[in-house]
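Undergrad: Given next are the chains, with one letter for each unit.
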Amino acid sequence: MEDKVVHGQPDLLTDFDRQRVAADDLRTEELLINMGPQHPSTHGVLRLMLRTDGELVLEAIPHIGYLHRCAEKIGENVTPVQFVPYTDRLDYLAGMNNNHGYSLAIEKLCGLEVPERARYIRVLMCELNRIASHLVSFGCYGLDMGAFTPFLYAFREREYILDLFEATCGQRLTYNYLSIGGVTQDLPGGFADKLAHFLDYFEPKIDEYNNLLSYNYIFVKRTAGVGVVSAADALAYGLTGPCLRASGVKWDLRRCVPYEIYDRFEFDIPIGIAGGAIGVPREVVVGDSWSRYFVRMQEMKQSVRILRQALQQLPAGEFRAKVPAALKVPAGEVYLEVEGARGQLGYLIVGDGKKTPRRVKIRGPSFCNLSIATHVCRRVLIADVAAILGSIDVVMGEVDR
Amino acid sequence: MANFTVEDALRSRWSASAKPRAVRTFAVLGIVLAVAALGLGYLASSAPGAGYWLAVLGTALAGVAAMTCLGAAFVIQFSRLVGTWLFRLAFLIFVGGLVGIALLAWVPALLYEQVDAAVADHYGAGATGVLTVADLEAVGWALPTDSIEVRRQGAVGWAPPTDSIDGRGKAVVGSAHPTASFLAYALWPLQFRLTRDILALVGVVGFVSLLAMFTIWWERKVAGRMQSRLGPMRVGGWHGWAQSMADGIKLLQKEDIYLEGADRPLFKLAPYIAFMPALALFLALPFSAAWICRDLDIGLLFILALAGIGVLGVIVAGWASNNKWSLLGAMREACQMISYEIPLGFALLVPVMTTGTLRLTAIGELQAGGFHTWLAFQSPFTLAAAVLFFTATLAACKRAPFDLPEAESELVAGVYTEYSGFRWSLFFFAEYAEMFAVGALAAILFFGAWYSPLPANWGAAWLHGPLWQRALYGILFNGPLWLIFKGFFFLFVQIWLRWTLPRIRLDQVMYACVQVMLPLSMLVLLGATFWALLVPHGSMLAVVANLACTALGVGAVLAIIGIVFYGYSNRRQLVGTLAIEHWPGS
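So the protein sequences, as listed, match chains A and W. Residue numbers -4 to 396, in the numbering used here, belong to the letters of the first sequence in order. Residue numbers 172 to 757, in the numbering used here, belong to the letters of the second sequence in order.
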């Protein structure tokens, strides 16, 4: 065999050697990274195992259970009235909505009639809490994208809502206010004025935040077209709430299966719209992170609408039905879903005539919404994982229960 | 711990027996060293001859050591008092330091000038030599009532008694005036390059430390105001001005943590690799034409090279940390830096080509004729180069929206994840020093360097007047204060952007560099070349372009001032009534 000469030196490598050396030189390994449970953008104690090729995420596997607190088991061991404060801890950013779902389910099972005023107060509280929760979501999403300032603005507005809650029930995070048969106490004096003041102040602020963050060029570039969930996928994975609506499915329990008194109010259901429409940047795809984020921004406006109407219609009267001191959960089964801040919050309660229910099963919307993460976080960049997770907006208290 | 103060941190705890022993040791050592320094100093100053340089070196070393020992003895003996008073006077020290550094720009230059003039007087113009203290006494200092020119004319001030005239026609002094004698001793070391370099280094290190501490506090205040909160308000009293000091003391006390499996030598070395270049580039950075440690003829290249070395520290830190987030941060840093240095270099070539020099003082001197002579306003291409340069420096300093290497919501803390305490703070010193340096560089290259918007020749008559006129000239027309002001302006823009913009994704950063900034900067360089070739200086096109660019620049500054004024005067309406009024029932 004739020797090859490379750069004046005889080349002693065989072709096989050369291939092997090249393969060894070019060999790359995948990197396994633990994102969480302590990580700034996993919103609590979510742990994601990222299999990455450099910055490219090949697979993201959520590991959950770090905030498991046996909520359902506790529900079987305490009376319904005692369990209401535990529901606050599920989705701790929207405690009122959690109270609401559980109370409605127990009332349906026990056949309790809730006074009219209490129903309006419940709607007021739930919609206020929805705004507060969406504000946190909006602020934290900005934080995930590296914009710090909107976070502080969101918390400033949320502070006023929490002040209203504090004036109403003495608590700022875990309220235990919407309880079986109504609410625990009447609204404080001057509440309506304060709320009207807040709504007048807050409504124009939403447009300001849209200008500040939603339509920011960098923000749109970071979120539009990232983590697209088709309507079929959204339905197949059981997505609910803003995540489902962002995929173009017009489904909101408040309108589609009205509970409480939501059929008395006028409001729209915002859904994800393809880019190019009025108020939607060109890059946006239905079901992407920007749509999920923007549906929440629009929902805050709709909540303001509902709040104005509820405030106008607020009747006088009792704030609580007569509930027997030793309430027994009758034999039977009830499953009831309400539209929480993050999606459909469902309570399955099985009673057998004792003081405590036989079984409590909670459908946490964050749990189902999180299931799409593995499907969506494929072949995206690490920065996109933060964008997708933030737009799904999970609360780990609800995922792990 | 809410009310933890600097005072608490400084209060040292010495056991009863250790304290007097330490004080005694340091005091005795200090006195011995001081005597040695005095003796050596006498030898050095009176008799140039054999062993002269040894005596000079010995004086310097013994003097510094003596001062250190005596200072240590004093601080230990009166630790509580020192801690308390340091805290009480810290604000004065802080402000005094800033003012002092600004003054440093004139005072040493003034003194150097006088000493150089004395040397020239003694040995003849152009010659060099060493003066003894007796020689300097003979000069007859009359500081600071008049300048050396005035003194030469013999118009004012104290003049030496002319007992007799020596062979070279100089006055020989029988008995020196006590003030002159003292000044002669004080000024004697200033004739040596070494002394001047040491003073300059002290100035640079002091400036960078104060700068970083001030900027961190300032950034937090600006961020607070932008986010409708107050920022630091506690430490030190007035608007939490001592927050950075307290943070620094806290960081110094923290444990130095290494990760199991980290590359220890590299891990320890990395902060210094990052910090030293950031400090060293101030050596070639002119604060004014006169106040620069080393006026290099390749000053710009030197600064760029040092800024490039600093990046290595960050990459090494990411590699040595044995943390995957750090590694990812280091990879981001590496690819970001390698990409952005290219458009940065192209943008820098525009002023270099226009002025034909790499010497920063020369580039600065060309912009003395008022703001329309600033380089950025010379043609559309220089203006574009200024904008490109500033954008590229944002990426080079890892500032938002290019802060990917430390992206806290993606990579925890990126390359800094495993660092704590002093090493971590070194990275931040480096970052803030570099931020100011690139701001100052932008000012020197494009925005009139150390000149005010007024043409410098308006004040030319003051240049040779008495001290107050020269000081006024420095404030109004030309002086380091202007460079520092401009540097802080660009620093403010960086802070402003950081708290406004979201972060760009890595692929977008690369796209913005390779597809947008690189072609743009090449085009700008090409355009600037043809402009220089085809548009003669003083032609109609050049004048019109100059006026248009000037108008654009002035308009931008006025717009910023207008926005700030509008925001400030309408702050109640902008923030909303709820944020200001007390919320009833809260």
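One or more hints might be untrue.
Stated by the list, open to error - Restricting the straight-line Cα-Cα distance to at most 16 Å, the calculated cross-link-like pairs of lysine to aspartate or glutamate (EDC-like) are:
id : chain 1 : residue 1 : chain 2 : residue 2
1  : A       : K216      : W       : D678
2  : W       : K495      : W       : E579
3  : A       : K323      : A       : D347
4  : W       : K495      : A       : E154
5  : A       : K356      : A       : D12
6  : W       : K495      : A       : E50
7  : A       : K189      : A       : D228
8  : W       : K495      : A       : E24
It is worth saying that the hints were derived from the structure and are not from the lab. From a predicted model like this one, the values you see are computed outputs, not experimental measurements.
Undergrad: All the hints need checking, so say for each whether the structure fits it.
TA: These are the hints, each one checked on the structure:
no.	hint	in the structure
1	K216/A <-> D678/W	holds, 11 Å
2	K495/W <-> E579/W	holds, 14 Å
3	K323/A <-> D347/A	holds, 9 Å
4	K495/W <-> E154/A	violated, 38 Å
5	K356/A <-> D12/A	violated, 63 Å
6	K495/W <-> E50/A	holds, 11 Å
7	K189/A <-> D228/A	violated, 43 Å
8	K495/W <-> E24/A	holds, 13 Å
Going down the numbered hints, you'll see the structure goes against 4, 5, 7, while the others check out.
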